[in-house]
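S.K.: Listed here are the chains, written in short residue letters.
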Amino acid sequence: MKKGLIIIVALSLTVLLAGGLVLASNRSPSGHPAGCSSCHVPHDAQGEMLWPYAPSMETTSGTQLSAGSALCYSCHDGTITPLGATFFEKDGSTHPIDVVPSSRVVIPEGFPLDPQGRITCASCHNPHRTAYYNYLRLPADNGELCVACHVNN
Amino acid sequence: MVVTASADEEVLYDIDGYVGGSLVMVLDDLPEGLGNISRPWAVATASDGRIYVLDSKDRVLIFSPEGEFIKAFGKNGRRAGEFREASALTIDRDDRVFVADSGNSRIQVFDHDGNYLYDIGEAPPRRGEAGPGQLKRVISLAISPDDLVYAVDIDAHRVHVFNLDGEFQFAFGEKGTGDGQLHFPVGIGFDPDGYVYVVNALNFRMEVFSPDGEFDYKFGRAGDTVGTFSRPKTIAFDLDGNLYVTDSMLNLIQILDWEGEYLGRIGGHSETPLFSQPFGIWIDANDTLFVADRGNDRIMVFDLFALD
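Chains as they are written, first to last, in numbering that gives the first Met the number 0: chain A, 0 to 152; chain B, 0 to 307.
Be aware that one or more of the hints could be misleading.
Quick list of in silico lysine to aspartate or glutamate cross-link-like pairs, EDC-like style, CA-CA up to 16 Å [what the hints assert, rightly or not]:
#, chain 1, residue 1, chain 2, residue 2
1, A, Lys89, B, Asp296
2, B, Lys56, A, Glu88
3, B, Lys217, B, Asp178
4, B, Lys70, B, Glu31
What the hints contain is simulated information worked out from the structure, not anything from laboratory work. The structure presented is a predicted model; accordingly, all values stated were derived computationally and were not measured.
Go ahead and model the full structure; you've got the sequences and the hints to work with.
M.R.: Okay, structure coming up:
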């Protein structure tokens with residue numbers, strides 16, 4: 000009886016966890032709650048990847064923004080969403096953005112850099128589909144995300 | 000500095016032959032001890048020409064018409080006269096200053112000198128849906144020609160309307176993509192006939208309502224070419240009824256007519272854009288345009304003029 004109960008609880012937890020992951024990765028067809036068209040322009044787009052043209056822009060600290068980061072900041076600047084209200088001033092939240100990684104860092108496959116080889120918001124966040132909190136490409140718990148690049152640290 | 004450019008040179012200021020302007024003033028400096036203007040949200044002027052700037056340090060900065068700093072009021076907090084994530088400001092015809100104190104779910108009203116007068120709006124319930132008149136996150140404020148306070152609630156995808164005494168009147172808008180539905184509304188303004196224009200930011204269009212909140216028509220689509228929107232944010236009308244729309248992705252202000260036909264732009268495509276994430280704008284009774292150039296921590300002021 001006790002063994003049966005344990006199995007039922009374990010099965011329930013598995014279903015709940017799997018369900019949670021599915022829900023987390025399917026918030027909208029695009030994966031991002033704002034939808035495809037919030038970032039991609041279907042006709043006449045002048046930027047990369049059907050993004051709107053991004054004029055060159057510097058943060059308050061003088062960092063030249065990549066087109067992808069400028070796209071993120073156009074909502075995540077405290078206006079469309081309060082998430083990221085101060086990222087623009089800080090050149091990122093907890094990690095620098097739009098910088099070329101140092102030679103001590105190994106960028107694994109699946110962590111894209113921009114055409115100039117810079118780390119952008121999208122290097123660590125996948126705005127389309129992810130099972131992890133905050134659209135991270137790996138879970139941040141226990142430093143798993145960090146050590147994916149900072150191998151010796 | 001003259002705010003025009005020939006067609007073949009780098010476009011810092013582009014007018015497409017319709018509206019021009021001269022850059023007459025830049026506000027970017029504060030007295031010692033106050034730091035800099037920090038990521039300004041909004042700018043408005045009083046009847047005597049005084050300039051009021053709401054910045055991201057939860058304070059209102061008052062300048063003379065000539066740009067001399069006069070005083071500041073407000074700080075971060077929950078008490079009367081204090082703000083949390085304040086993000087919009089407007090001024091009525093009696094020079095009362097309305098501040099959207101978004102984090103405290105209220106609109107605070109001050110006199111011309113920054114003395115607290117009263118609050119508008121209710122906080123939403125801790126659980127459940129916010130109702131009309133209950134403020135989730137007000138991102139823009141405007142006073143209509145018939146003296147009503149319109150508050151754009153971006154998180155509720157709704158516009159709340161109050162009278163000047165703070166009594167709730169009506170609300171309109173709901174989340175969606177259909178006619179009259181809103182998807183992250185931001186800016187709001189009134190044309191000379193009193194029609195209400197709402198920037199439907201992530202529907203990439205302008206939604207136009209009658210003065211009593213009935214949907215009338217819409218225009219605009221997503222894009223980065225003239226007359227289209229990428230990240231449209233706030234609006235203002237000039238004395239001729241032309242519409243000025245900030246776009247914080249394209250870093251420009253587009254000038255459109257009442258049907259959305261493109262007339263021109265200020266800023267935009269350039270190696271060194273004039274603006275960085277422009278947000279709040281204001282046009283005064285003399286056709287002077289004030290722009291909260293948020294990413295550059297400054298207010299830019301232009302005298303507008305018609306071109307032949």
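S.K.: Could you run down the list of hints and mark each one as holding or not?
M.R.: These are the hints, each one checked on the structure:
no.	hint	verdict
1	A/Lys89 <-> B/Asp296	14 Å, holds
2	B/Lys56 <-> A/Glu88	13 Å, holds
3	B/Lys217 <-> B/Asp178	7 Å, holds
4	B/Lys70 <-> B/Glu31	12 Å, holds
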